[in-house]
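> Sequence:
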Amino acid sequence: MSGFLPWEGLAVSTEQKRPADVVSVAGLQDVLDSGWHLHVVCRKAPELRGYQWHGSWYLVAANPETDDWVVLVTARERQRAKNEGRSPTRSTKDIEFREIKTASGLISLLTEFGFRNVGIPTETGSSVILAR
1 MSGFLPWEGL AVSTEQKRPA DVVSVAGLQD VLDSGWHLHV VCRKAPELRG YQWHGSWYLV
61 AANPETDDWV VLVTARERQR AKNEGRSPTR STKDIEFREI KTASGLISLL TEFGFRNVGI
121 PTETGSSVIL AR
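So for the sequence shown, this note's numbering puts the first residue at 1; every next one is plus one.
If a hint is listed, it holds; no wrong ones were tucked in.
Dumping the calculated SDA-like pairs for lysine to any residue here, alpha-carbon to alpha-carbon at most 20 Å:
no.: 1; residue 1: 101; residue 2: 24
no.: 2; residue 1: 44; residue 2: 55
no.: 3; residue 1: 101; residue 2: 74
no.: 4; residue 1: 101; residue 2: 129
no.: 5; residue 1: 101; residue 2: 25
no.: 6; residue 1: 101; residue 2: 43
no.: 7; residue 1: 44; residue 2: 129
no.: 8; residue 1: 44; residue 2: 54
In short, the hints are calculated from the structure, not lab data.
Just so you know, these numbers come straight off a predicted model, no measurement behind them.
The task is simple: from the sequences and hints, build the whole structure.
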């Protein structure tokens, strides 16, 4: 994969333009099964609260052979966008990227996707690339 990642610097907010595509958990599983890599991106550095690390992460899948990439959203947001027939260039104030707020939640989701060794970025703006 090239050194340039098209989503680098992508501020996860509701003011972003809709990316080339967004997927639900099932759609993300499909692209990972076809050989795409998963980028775990740290949006907010984690802090320890009690026994749990709380932060903010989101997931981006990238095809290692092309410039294609998708961002994980909640299933209801994906369906809402599909039902409204949005074009990829329209502003989407109501589409939310799926935010994972705890390290345990992130590990659980990554394990569900079939990753047996996971990495968690802990610095805002950093990412870890996982491949199966």
